[in-house]
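Chains as they are written, first to last, in the numbering used here: chain L, 8 to 168; chain D, 2 to 339.
Rather than coming from a laboratory, the hints here were simulated on the basis of the structure. Just to be clear, a hint being listed does not mean it is correct.
Derived pair list, reagent style DSS-like, types lysine-lysine, alpha-carbon separation capped at 27 Å [claimed, not checked]: (1) 108/D x 147/L; (2) 119/L x 118/D; (3) 129/D x 37/L; (4) 39/L x 155/L; (5) 129/D x 159/L; (6) 155/L x 129/D.
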Amino acid sequence: MTVSEYNESVESYSDNLYRFVLKNIKDIDKAKDIVQDTFLKFWEKRDNVDKSKIKSYLFTIAYHSLIDVIRRDKRQGSFDDVKEDSYSIQTEYSDLQEILHEAIEQLPENQKAVILLRDYEGYAYDEIAEITGMTESQVKVYIFRGRKFLKKYLVSVEALI
Amino acid sequence: MSLITKNNYEAYLLDYVEETLSPDLIEELMLFFENNPELKEDLDDFKIHELTAPEFELLDKDQFKKENNLITLINYDTFLIAEIEGLNSSEVSGQLNLFLSKNSSLKKEFMAYQKTKLVALSIIFKEKESLFQKETKVISLYWWFSAVAAAVIVLFWFNSFNNSIERQYFPLAEIDEVILIEDENEDLFRFYVLDEEKLQTAIIEKKIVNEDSKQAYKIKNKIHQELKTNDDANVFASLLEQDEILDTLELKDVSLQENEIKIEEILYAENSVKITYVDEVLDNRTLPPVKKKMSKFDIFRKVIKQQVKTKILDKGRDGILFAENAKPFNFIRGKNKK
């Protein structure tokens, strides 16, 4: 892999990777560290990475890093505490999406990760399985459970409104 | 005599209402009421109190039967999620639509599931610049030669104007002295340049074949004097043996002159760095005898290649441009010493 191809990967995937990690870990500094480490590992192994699977490779490295961090440090800050304008150029979204992102924060880590990979990155179940090291069936179960929870959350909030 | 009397007519009347009375007894019961018109009201009362089943929508029991339907009121959740996940086949989607049309109250649930799809936030990683790697410039052989030629011309021109200016680059090695070493078993052609700073010397060692079939080494005169003895030569040899031998040269057909490194082929380097160089191994059994005379280009190329391989030089830190076929560029600062 040439330097140019590596840099193209940075350009194409670093934002998505950062978003995925940040949404999971809710800590800007740690999220940045994980992204930096991920690309460092990618650079070191660049000649062994299949060019068609660069994105999956990056997400795999990042996912396992963030799982390690979460397990090592259970003390997680609230995503709400993070100033949106420090990481986002889009700070306005619909009420529904606000509620939904609120609901996402309530999901268990594994369900949250697979739903983010599914909805944000559009990965298929087998790809999510490859990234997370879960079986495809586990991925499906976690997504189904997650959706049920989100639906229930939305319905309950709508009922209150 | 009639079976029906004022004492038992009610029992017959109940049977009549429940339609279990035989036609003969019905006829007899009707006859009884005609003969006793004061009791006929009881007959009318029973008809009034007859219960009428209220009209209500019956549940479709089949909707609970799994054997009849893929989608039931028990498992519909799974199919609703599968639908928004795009996992249902067209056939199953059709069944789901049919199911929802029969159970309109569940359409809201389906809509709620549709809303669980996240819309990605646009988040920018601002430290992206730190992730980029710098391109290493690769210079083609043509340009390399051109650059070296240009550098040599400039240096000659510069020296012709001002010989008093101290050179920026100092020689790594030069050949000043020949030491004969009686080691007839030695058949290797070796070329070593060692760290001048650390050893306070730089060495070019080269075996030549003299007329007496003895081997000679040309060693720079800055080499410690003790190296002139055999014992010290052995010490020196043991040092060299640690290095990987990359080249041997068939010597028998190589003349002294051909194998000699000429005085103008003095090596220069930008800084004093350790250079260990041994040429590549050639198998004399399979290859024809090689008459090999190292050009300066060959030497530099392989020296640099070896240095980088052994991590003596850092390509990035030392700024060495290293082309695919191992052509050093800015390391080369050589010029002829006359």
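Outcome of the hint check:
no. : hint          : verdict
1   : 108/D x 147/L : 23 Å, holds
2   : 119/L x 118/D : 12 Å, holds
3   : 129/D x 37/L  : 15 Å, holds
4   : 39/L x 155/L  : 32 Å, violated
5   : 129/D x 159/L : 38 Å, violated
6   : 155/L x 129/D : 36 Å, violated
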